[in-house]
Amino acid sequence: MEATRKHNTALTENARSLRKNMTKEERHLWYDFLRAYRVRVLRQKVIDNYIADFYCHDARLVIELDGSQHYEPTGMIKDAVRTEQMEARGLLVIRIPNNAVNQNFQGVCEYLDMIITERAKKDDESPSQLR
Numbered sequence: 001m002e003a004t005r006k007h008n009t010a011l012t013e014n015a016r017s018l019r020k021n022m023t024k025e026e027r028h029l030w031y032d033f034l035r036a037y038r039v040r041v042l043r044q045k046v047i048d049n050y051i052a053d054f055y056c057h058d059a060r061l062v063i064e065l066d067g068s069q070h071y072e073p074t075g076m077i078k079d080a081v082r083t084e085q086m087e088a089r090g091l092l093v094i095r096i097p098n099n100a101v102n103q104n105f106q107g108v109c110e111y112l113d114m115i116i117t118e119r120a121k122k123d124d125e126s127p128s129q130l131r
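If you read the sequence shown in the numbering used here, its first letter stands for residue 1, the second for the next number, and so on.
Calculated from the structure, these hints are not laboratory results.
DSBU-like, lysine-lysine: derived pairs with alpha carbons at most 35 angstroms apart:
no.	residue 1	residue 2
1	Lys78	Lys24
2	Lys78	Lys122
3	Lys122	Lys20
4	Lys121	Lys24
5	Lys78	Lys121
6	Lys24	Lys122
7	Lys121	Lys20
8	Lys78	Lys20
Per label pair, the in silico range of CB-to-CB distance:
no.	residue 1	residue 2	range
9	Asp32	Gly67	15 to 21 angstroms
10	Asp32	Ala80	26 to 32 angstroms
11	Thr74	Met114	28 to 34 angstroms
12	Thr117	Ile77	30 to 36 angstroms
From the three backbone atoms N, C-alpha and C, an ideal C-beta is built for every residue, glycine too.
Based on the provided sequences and hints, a complete structural model is requested.
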């Protein structure tokens, strides 16, 4: 029995481009915290028909950094659909406003560390589906 494809290869090139052209907030979070974090975190990970800003397999966690467009009606609807599809895979999606990264970076890092630590411990006991 063949497993269903979890990766949309049509988005691979776009994900590479997004890795090279990260927003200021994505760069800050990546280079100043997530890149050297004790648990592996990927950036611009293709999941189904979406590209997650950051993904931690061990915690089954998607981290999205949201700029102002995410708080407009159209952006909120798109984000709700995206979140619903990722949650259907058993992933937790957290959304962090860009201004939180800029104004409370230490707090954002502590929050992410708490969630990743808690979820990675729980996930140690169950087999994974997405890498």
